[in-house]
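**Student:** Okay, here's what each chain looks like letter by letter:
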Amino acid sequence: MMRYTTATIGTLALSTSALAGASFGTNLVENGSFEQFNADSMGPVDLENGGPVDLVAWVEESQLDLDLYSGQFTFRNPPGAGANTLSSAAAR
Amino acid sequence: MSAVWQAIDLGFASKSIAAGTAEFSLEGYLGSFDEAEGGFPQDDLATLSVTFLGQGGETLGMAAVDGPVDPIDAGLDMSEQGNYSAFRHVSGIVPSDATSAIVRIDFEIDTGTRPTSFNNANADLIELRVVPAPSTAILAALTLSGLHSRRRR
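Top to bottom, those sequences are chains Y and G. Here the first sequence is numbered in numbering that gives the first Met the number 0, starting from 0 and rising by one per residue. Here the second sequence is numbered in numbering that gives the first Met the number 0, starting from 0 and rising by one per residue.
By construction, these hints were calculated from the structure, which means they are not laboratory data. Among these hints, one or two may not hold up.
[As the list claims (entries may be wrong)] Label-pair distances were calculated between CB atoms; the ranges are: (1) Y:24 to G:99: 15 to 21 Å; (2) G:0 to Y:25: 38 to 44 Å; (3) Y:25 to G:110: 36 to 42 Å; (4) Y:23 to G:56: 32 to 38 Å; (5) G:13 to Y:26: 16 to 22 Å; (6) Y:22 to G:110: 40 to 46 Å; (7) G:57 to Y:25: 37 to 43 Å; (8) Y:23 to G:57: 21 to 27 Å.
Computed from a predicted structure; not experimentally measured. Even for Gly, the Cβ is constructed at its ideal location relative to N, Cα and C.
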């Protein structure tokens, strides 16, 4: 199923703020301002407003429940499907 | 395939870029999901890339790095199923005519062993930085200065 996401968080806002804050050595990526294209049944969702995990590719927004703490990348399946936890490759 | 992308204006670094002395560093955590040992592998893949564009939108250069396709590739000893991610990094010189960049992450679903409808590839903490590379003249000056200091002791 092909679909375009309508949850794009404005490119115009990105351009303005990115220019204002851009300088040598700073992170030029503005998390929360990605445009998205979803070709898979479930596609990337911007999580910036929900916590430190910025992007995840598969979950529908209504099913998100992600937390990142103490080097643990903790992932919870959609409600009722149980939870999985796995140590990340590096503590953040 | 799913993707996210973001356009970034590089005007603030135009002098260094034009001089060919602007370095970029692209990094982030990329990953996917896998079942426990003995389970079905799911090699969904996240790829992080930056494409440098000229004034007219023409592509001047590109750099990309793939995320891990399994926990071992991510440096993990996985005993249970779950998500994983690993740090990935690529760097280089910004093409001298570049005026903007597109940072993009592609999420590719594995259609091989056991196709599913879930794209599990993930990405986090994506960063693109541009820094002025130390010029040869400055390096030479620093070297000479160091030699001078040693001789005076």
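**Student:** Now, for every hint given, state plainly whether the structure supports it.
**Tutor:** Hint check:
1. At roughly 18 Å, the beta-carbon separation of residue 24 (chain Y) and residue 99 (chain G) lies within the given 15 to 21 Å, and the hint holds.
2. Distance hint check for residue 0 (chain G) and residue 25 (chain Y): the Cβ-Cβ separation is about 30 Å, which falls outside the suggested range of 38 to 44 Å.
3. The supplied range of 36 to 42 Å is met by residue 25 (chain Y) and residue 110 (chain G), whose beta-carbon atoms lie about 39 Å from each other.
4. For residue 23 (chain Y) and residue 56 (chain G), the hinted distance range of 32 to 38 Å is not satisfied, since their beta carbons lie about 24 Å from each other.
5. Hint check: residue 13 (chain G) to residue 26 (chain Y), Cβ distance near 19 Å, so the stated range 16 to 22 Å holds.
6. Between residue 22 (chain Y) and residue 110 (chain G), the C-beta spacing of about 42 Å keeps the proposed range 40 to 46 Å intact.
7. For residue 57 (chain G) paired with residue 25 (chain Y), a C-beta distance near 26 Å fails the hint of 37 to 43 Å.
8. The hinted range of 21 to 27 Å is satisfied by residue 23 (chain Y) and residue 57 (chain G), whose Cβ atoms lie roughly 25 Å apart.
Hints 2, 4 and 7, counting from the list given before, are not met by this structure.
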